[in-house]
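Use these hints to put chains B, C and D onto chain A, whose structure you have.
Residue numbers (the UniProt record's numbering), protein chains in the order written: chain A, 1 to 417; chain B, 1 to 541; chain C, 1 to 349; chain D, 1 to 192.
If you are wondering where the hints come from, they were derived from the structure by calculation, not from laboratory data. Don't take every hint at face value.
Restricting the straight-line Cα-Cα distance to at most 16 Å, the calculated cross-link-like pairs of lysine to aspartate or glutamate (EDC-like) are [what the hints assert, rightly or not]:
| id | chain 1 | residue 1 | chain 2 | residue 2 |
| --- | --- | --- | --- | --- |
| 1 | D | Lys56 | A | Asp177 |
| 2 | D | Lys56 | A | Asp278 |
| 3 | D | Lys129 | D | Glu178 |
| 4 | A | Lys341 | A | Asp370 |
| 5 | B | Lys169 | B | Glu465 |
| 6 | D | Lys56 | D | Glu102 |
| 7 | B | Lys315 | B | Glu325 |
| 8 | B | Lys448 | B | Glu472 |
| 9 | B | Lys273 | B | Glu230 |
| 10 | B | Lys430 | B | Asp45 |
| 11 | C | Lys119 | A | Asp49 |
| 12 | B | Lys18 | B | Glu436 |
| 13 | B | Lys3 | A | Glu155 |
| 14 | B | Lys290 | B | Glu340 |
| 15 | B | Lys290 | B | Asp330 |
| 16 | B | Lys505 | C | Glu191 |
| 17 | B | Lys169 | B | Asp464 |
| 18 | B | Lys3 | A | Asp198 |
| 19 | B | Lys511 | C | Glu31 |
| 20 | B | Lys510 | C | Glu191 |
| 21 | A | Lys3 | D | Glu162 |
| 22 | B | Lys535 | B | Glu436 |
| 23 | B | Lys376 | B | Asp356 |
| 24 | D | Lys154 | D | Glu28 |
| 25 | A | Lys311 | A | Asp275 |
| 26 | C | Lys291 | B | Asp445 |
| 27 | B | Lys326 | B | Glu340 |
| 28 | B | Lys315 | B | Glu340 |
| 29 | D | Lys187 | D | Glu116 |
| 30 | B | Lys111 | B | Glu59 |
| 31 | C | Lys122 | A | Asp49 |
| 32 | B | Lys3 | A | Glu216 |
| 33 | A | Lys3 | D | Glu57 |
| 34 | D | Lys56 | A | Asp275 |
| 35 | C | Lys287 | B | Asp356 |
| 36 | B | Lys196 | B | Glu206 |
| 37 | B | Lys505 | C | Glu33 |
| 38 | A | Lys3 | D | Glu28 |
None of the values given here were measured: they were computed from a predicted structure.
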Amino acid sequence: MLKQCEGSHAVAEAVALSRPEVICAYPISPQTHIVEGLGEMVKAGEIKDCEYINVESEFAAMSVAIGSSAAGARTYTATASQGLLFMVEAVYNASGLGLPIVMTVANRAIGAPINIWNDHSDSMSQRDCGWIQIFAETNQEAADLHIQAFKLAEELSLPVMVCMDGFILTHAYERVDIPTQEQVDKFLPPYSPRQILDPAAPVSIGAMVGPEAFSEVRYLAHAKQMQALELIPKISKEFEEIFGRNSGGLVRPYMLEDAETVVIALGSVLGTIKDTIDEMRADGISIGVLGINSFRPFPVSAIRRALSHAKRIVVLEKSLAVGIGGIVATDVRMALDGLDKRIYTVVAGLGGRNITRSSLHRVFRMAMHDQLEALHFLDLDWNIVNKEVDRERTTRRSGPIAENILRDLGQTKSNVG
Amino acid sequence: MNKPFAITLNVGSSLANKTGSWRSFRPAYVNRLPPCNNACPAGEDTQGWLFHAESGDYEAAWRHLTEANPMPAVMGRVCYHPCEGACNRGQLDSAVGINSVERFLGDEAIKQGWKFAAPAAETGKRILVVGAGPSGLSAAYQLRRMGHQVVIFEAGPLAGGMMRFGIPKYRLPREVLDAEVQRILDMGVEMRLNTKVEDLLKTMKEEKFDAAFLAVGAHIAKRTAIPAAESAKILDAVSVLRSMEGEDKPMLGRRVVVYGGGNTAIDVARTAKRLGAEEAIIVYRRTRDKMPAHDFEVEEALQEGVMMRWLSTIKQVGEGAIQVEKMELDENGKPVPTGEFDTLEADSVILALGQDVDLGLLNGVPDLSFEDGVVKVGENMMTGYPGIFAGGDMVPSDRTVTVGVGHGKLAARHINAWLAGTTYVKPPKKELATFEKLNTWYYTDADKTVRPMLDIIRRQSTFDEVQGGLNEDNALFEARRCLSCGNCFECDNCYGVCPDNAVIKLGPGKKFEFNYDYCKGCGVCVEECPCGAIKMEAEAS
Amino acid sequence: MGHQDVKFYQTGTFTVGNRLLPPEQRSVQSEIERTNSLNSGHRACQGCGEALGARYAIDAAMRATGNQLIAVNATGCLEVFSTPYPETSWQIPWIHSLFGNAAAVATGVAAAAKIRAQKAGKPLAETRVIAQGGDGGTTDIGFGCLSGMFERNDDVLYICYDNQAYMNTGVQRSSATPPAARTATTMPVGEHPGNEWGQGKNVPLIAMAHGIPYVATASVSDLRDLEYKVTKAMNMRGARYIHIFVPCPLGWGSASCDTIKLARLAKETGLFPVFEAEYGEVTNVSKIRQKQPVEAYLRLQRRFAHLFGKTPQLELIARFQAMADQNIRKFGLLGEDKATVGFPGSEHK
Amino acid sequence: MFQVRIHGRGGQGVVTGAEMLSIAAFLEGRHAQAFPSFGSERTGAPVVAFCRIADKEIRLREPVMEPDALIIQDATLLHQIDVFAGLSPNGYVVLNTNRSFEELGLGELFKRFRPERLITVSATDLSFKYVNRNAPNVPMLGAFAAASGLISLKSVEAAIREKFSGKVAEGNIAAATEAYNIALAAKEAAHA
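Chain A with its partners taken away, still in its complex shape (with noise of 0.2 Å):
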C-alpha cells in the first residue's frame, strides 16, 4: 500500500511486519523515530508476541539482542553514530557468535566534535566487525531491505545492519510501498535459529578458542560472509517475485554501459548524483554511477565486471579513513587490481554537509578531465583550513579546531533590512 510517511515510520513498519520477538531500544538521532514508533506498535498490541525492552546504552541494547537472539528470538535494534561506537564490543560479539540479529544504523557522523548530521564514518567504522552492511538507497529500498535483512541474517545465521542515511531518509517524508502482512509472511518464513540455546539440547556458546583453531574460526567467519554474495541477489530476486520490485541486490548500475566516468557511491546521495548524470549526460557526456549496495560482503567481482569498461572511477564516499582517505575507494582498488583505471577519491557530506548538483557537477568534469587531485575534499573551505593550519603553525595553543572555525565564519548574517 502506498503511504507517504516519514522514512523512520516506514522502517518501523517494514520491522514490524517481519514480526521481530525482542527490540532492544536506546535514543540516539537519528534512528530515535524508528524505535519509538516500534515501541507504540508493540503498546498497542499492534506487533504481538514481541518483546520491547528499554535498555540503559547502545552496549545493553546490542548485549540484550545477543541473549534474546541466541535463545532463538528474531530480534532487532538500531542505532547511529556515538551509539554504534559504544556498543562496538558487542558488535564484534554478535557476528562472532553467529546470531542473526537486523540493525538499522541511521547513518551519522562521529565525534569530537560533536555532529549529529549524516555521514558514514559510524558503520565505515565497523567494516571489519563481520555483519553484513546493506546501504539503502530510498526510504522504500530502506523498508525493503529490513524485511530482506531479516531472511538473508537467519539464512546465514549472521547479523546484519541495514544503514540509511540519518535525517535524509530518516526524517524525509517521502512515498513508500509499504507491503501486506501476508506478503511479508509469504517471503520470511518463521526463525529457525541454527543454534539456540535451549534445556532441552543444551550447548555451549561462546567458548573460548585458543591459536589452534582461531584463524579457522576466523576464515570460516569470511567465507560465510562470501556466502551472501550469492545470497544477496537470490533473495532480492525472491523478493521481486513476491512484492514486484526490485530492491537491494549488490551493486546498482546506472548509465553504465558506455560510461568512461564512473561514480561510486552508497545510500542516498545515489538520487543527486544520478540527477546530476541525467544532467550531464543531456550535455553529451559519458558518465554513469555504480551504487554499491552490499558493502559487506564487498562485491569485489560485481564491481569489477561492472567496472570493465570505465576509464576512471570517482568513489564518492561520506567518509574520511584519516590518515590514507578514501574507505570505499581503497576497496574499490582492490576489486580493480591489475586493470588500468584512474581512480578518484572525493570525500564528502562530512557531518551533514550538503553534497549538490552544482558541486557534484564541479567535480565530476574535473576528474572528466583528469583534472582532480587523488584525494579530494568536496567543497572543502580552503579559506578556513589555511587560517587554522597558520594558527597552528604560529601559536603552540592555538585552541580548539571548531570554536576557531565558528569565530571566523562570524555571526549568521542577513541581508534584509
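The following block gives chains B, C and D in isolation, referenced to the frame of chain A:
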C-alpha cells in the same frame, strides 16, 4: 544442531580432560581409632555401634555392640565408662552419653527378646570356664560363638559373680543380670552352679576339657588388724553385700561405720542406709579427691545422707563406739598420723579394704607364677601352664566388670587360636582420631542428655534402681551426638565440597571413593571432613 | 541464623549431607544424581572457590527449575576455565558473550523465553535465566548493565561470585578488593601498602536500593543457606541478585585446602555479612556462630602478609576489626540484634 | 518539479507543515518529498523545512536552494536570515502577518516578484481563533493552496486529518479553509 565450529561446544565434553594429572598429593579415606573405642577395656567398637543407633536401627547397634560385650544392659549400668572420659565431644560441650545409650540398647534387647545367633559350626572342642562372673561369662559367650562347647563351673549358687554379690541392686537390678546371663546360656553354654573346682587338672582330665579359662572373682575380703573389743561388731563389705542376696539381711545397727575409700565402701554404706541405718559414716584416711571410688558415686552417696570422715583411721573398735585418729597429708600426699583422736558412735564397723582371690583350685598345677595374690598371664592371657588361661580379678589389672569382659573376650580369641595350633595376633592399632584431626565446626552444639534419677526418699529407703534409662527419643538424640571420630559417617561433605566433582558417592552404607582421574589434590575434602576420616598422602613419584 | 528449616541432627548439621534426613530435606549437593552443572575436567585452580560456588548455585537452580535453565556468563575465570575449546564443562545451555554484559544478555534470553511461552499460550516463561560473573564483571565493568537489568526488573537471577579481585588477568584490584590487600596493581610497598582504604562498593546494598524483589549474600561455607537462597530466588520472578563469597587460593595466597575455611572465617568475623533482603529491606541475617577475630581470617592469606611482618600493623588490623564490628552492629550479626539496613521498600511488597 | 521552502521557528510546526504539504501532493497522485533542515533546534530557534513535488520519482536529496515557493511562518525572521535566497522571480511567497508588505518595509524588494504571487495571511491569529494556540503551519498551508493552486483545499483537509484527529483536526481545517479563502480573495484582488 549445525553448531558453529569451535565457538559452540557439546556439553560436558571436558570429561576428556583428566585433571588428576595436576596432583602431587592425593586424598585417601582412612579409619582412625576413635578415643572411646581406644579407652574401652572391653574393646567395644563404640563409634561403630552408635552409628547404627543414630539411624534408629537399635537391633543392628545391639548386635554390633555385643560382638565385644554380651551384657550391655549390665554394662550400661555398672561400667565406669572410660569411653566418655576420652570422648572428643567432651572438648566441645560434654561427652556423648555412651553408657546411657548402651544401657538403652541392652534394655531394648531384653524388652524385644533379641537372641544371640547360634554358632555357625561346632568345633568339637570342650572348654572349661571357671567362674560365672563378667570375665567368665564373656569368655563363655565368645568361645561359644566360635563353635566351642563351653561348660561354666560356678562355685556359688547363682551366676554373676561380683556383679551379683558385689554390686547392690539399686545399681544393677537382678532381673537385668539374670536376663543377660540367660541369653548367654541360651546359646548352648552349660552352667554348673554350686560347683567348686578343687583340682583343676583333675577336672579337666576327667571331663576331657581341651582348655580352661579361669575367672574366679576376688571374693575374699582383706582384713586389717584393728584392736577390738570382743563384743565389737566388725564385718567385711564383701560378706555384707553377698548376704544381701540371701534370705537373711545383715543386722548392722543404727550407726554403721564403713572403713575404706573404694567403690565397695560406697556401695556398702549406701546399702546400710537402705537397710535402715540412721547413720552411715565412711571413714577414710585420705581426702575426697584421693578416694579410689568414682566421684559420681561419692556424690550420690552424699545425696542419700551417707557421711564421710576424711583423714581418719580407725584405731580401736569398742562396743557401740570407735576411736579414730586424725591424719594429715605430707608433702607427697601420704597420710601421716597426727596423734589427735576422736570417738564415733558405731553399732557396727564394716571393713571395705579390698579383696583377694581364692587360688585354691590351682594347687598342683605346675609352672604357674604369682604376683600380689593373683596369677600371672602372658600377652595371650595364658598362665605358665599350656591350655590354662586366666582373666578378670585373677590376673593383675583393674578389677571392674568392663575389664573382666574384655579379658574374657581376649582370652577367648587366644584360646581359639591355641586350640587351632595358631597364634592370635591383634590387628595393628590404628592411628588415634584425636580432637585436632576433626573439623568440629560441622557439629551442632548439643548438650548431653541427663539420665533421670530416682527421687531421694526412695533412694534412701528402697533398693529401686537409682539411675533411670533413656527413652527412645533421648537415646536417639544422645547417639546422634557422636562425632564419629576418625570414621566416615556419610555426611557427604567430601562429596559436596570437592570443586572438581572428584568424589564418587557410592550410596547409602557404601561410602565414597575418590575419582583420581579428576582430583587435583587441593585437600579441601580433608580439611572439611568433620570426623577426620580422610588424609593426604604424597603421590608416588 | 540464616536458613534452617529442618531441626538438624546433632551430627552433620552443617555438612553437605545427612544420611538421617528424609530425601526431600537433603541438600542438592548430597544427591548422587545431582546435575554437576559444572562438570569435572574444568581447568580451575586447585581448591577454587568459584568452581565450587558455581556448581552449588547452578545445581540448586537446576533442581528449582526442573532443569529449565539457561546460564549467561561474563568473561572471567569461570568462563575461561570452564570452556576452553574444544571442551566445555557445562552441562546446561550456557552462553558467554562479553565481560561487561552478562546481565543484559540474560535480559535478552529472558525476553526470548517469555515470548516463547507467550506464543505457547503460557503466562510465564518456563525457561529461567541466570547470569553469572566474577566481582570484576559485576561490580566494575558490568555494573551498568546490571543496574539496568535491576531497574527494569527483568526476570533474571544475577549471581556474582566474589573473589575480590581480577583473578583471570593475574590478580588486579577490583572495586570489590578489600583495603590493604595486595594485588598486582596494589603492591604492598610504600607508605600505604596494598589496596587503598576507600569506602568500598557494596553491590548487594546497591542492588537493594533498586528495590528489586530479592537480594542475598551467601558463601561457599554454608551450602544449605546458599541452596536455600538460590532456590528461593528461582521461585520468584523479576530481578534478583545473589552475591556469593568465593575464596581464591591463587589470588589470596592461601592454601588450596583452606578455601571453605576462609569463607567460614569471613562470615564468622563479620567481614562478610550473610543476609537476605526483599524489596530493599533486610529480612534475614545469618548470625555469627563462633565469633572470630579478624586476624584469624587475615593471617591465612599472603595478600595480607604485610600486616603481620616483623612489626605487625596493629592499626590496620584494628581498622579491619572496626569494619567487622560495624557490620556486626549494622546487620545485627550477633545474638538477638536486629539489622538496621534497609531501603524504602517498593509497593510490590 | 516544484520546490517549497518553509521558514519558521521551533514549535510552530514547520516540519509538520512540510510533511502535510507532501501528503496533500501525494494524495493527488504526485510524488512528493518533505524533509527538515535537520538540526537539534529547540523551541523558538529559526527552523527550515523543504518540500518537493513532482510527477515522477524524486531522487534529489540536496536542500531546496532555489525554491518555487516560500512559506514564511514568522515575519520576525525576515530581519534575521535571508529567507528569500534563491527564490525565482516567478516564485510564490506566503507570509504570515497581519500587516502589509509595505508596512513591513518589503515594498522595494517585492518589486522583483510578481505581486499576485505575494500573499499575506494572519495565520497566527487564525490558529489562535480555531485551535487556540500559535500553530500557523496549517492555515499557511491553506493559504499556500490558494496562492499556488498546486494542491486543492480538499487535499489539505485530508492531510490535516492524517496528522490530527477530532476537534484539533476540525479546528485546523476551519483555520485552513478561512486562510484559503482569504488568500484566494487577495489573489483575485491582485489580478483585478
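Given the hinted pair Lys273(B) and Glu230(B), is their Cα-Cα distance within 16 Å? With a Cα-Cα distance of about 25 Å, the restraint between Lys273(B) and Glu230(B) is violated, given a limit of 16 Å.
Hey, Lys122(C) versus Asp49(A), does the alpha-carbon distance stay inside 16 Å? holds (12 Å)
Could you grab the alpha-carbon distance between Lys56(D) and Asp177(A) and see if it respects the 16 Å cut-off? holds (15 Å)
Would you mind confirming whether the straight-line C-alpha gap from Lys315(B) to Glu340(B) stays at or under 16 Å? holds (11 Å)
Taken at face value, is the distance from the CA of Glu340(B) to the CA of Lys290(B) at most 16 Å? Not OK: Lys290(B) and Glu340(B) at ~21 Å, beyond 16 Å, violated.
Straight-line alpha-carbon gap Lys311(A) to Asp275(A), limit 16 Å: Measuring from Cα to Cα gives roughly 21 Å; hence the hint is violated.
What's the verdict on Lys129(D) and Glu178(D), does the C-alpha distance respect the 16 Å limit or exceed it? holds (11 Å)
Is Lys18(B) within 16 Å of Glu436(B), Cα to Cα? violated (33 Å)
Take a quick look at whether Lys315(B) and Glu325(B) sit within 16 Å of each other, Cα to Cα. holds (6 Å)
Given the hint that Lys291(C) pairs with Asp445(B), test it: the Cα-Cα distance must not exceed 16 Å. holds (15 Å)
Mind checking the alpha carbons of Lys111(B) and Glu59(B) for me, to see if they're no more than 16 Å apart? holds (11 Å)
Has the given pair, Lys3(B) with Asp198(A), been kept, meaning a C-alpha gap of at most 16 Å? holds (13 Å)
The earlier numbered hints that this structure contradicts are 6, 9, 12, 14, 16, 20, 25 and 35.
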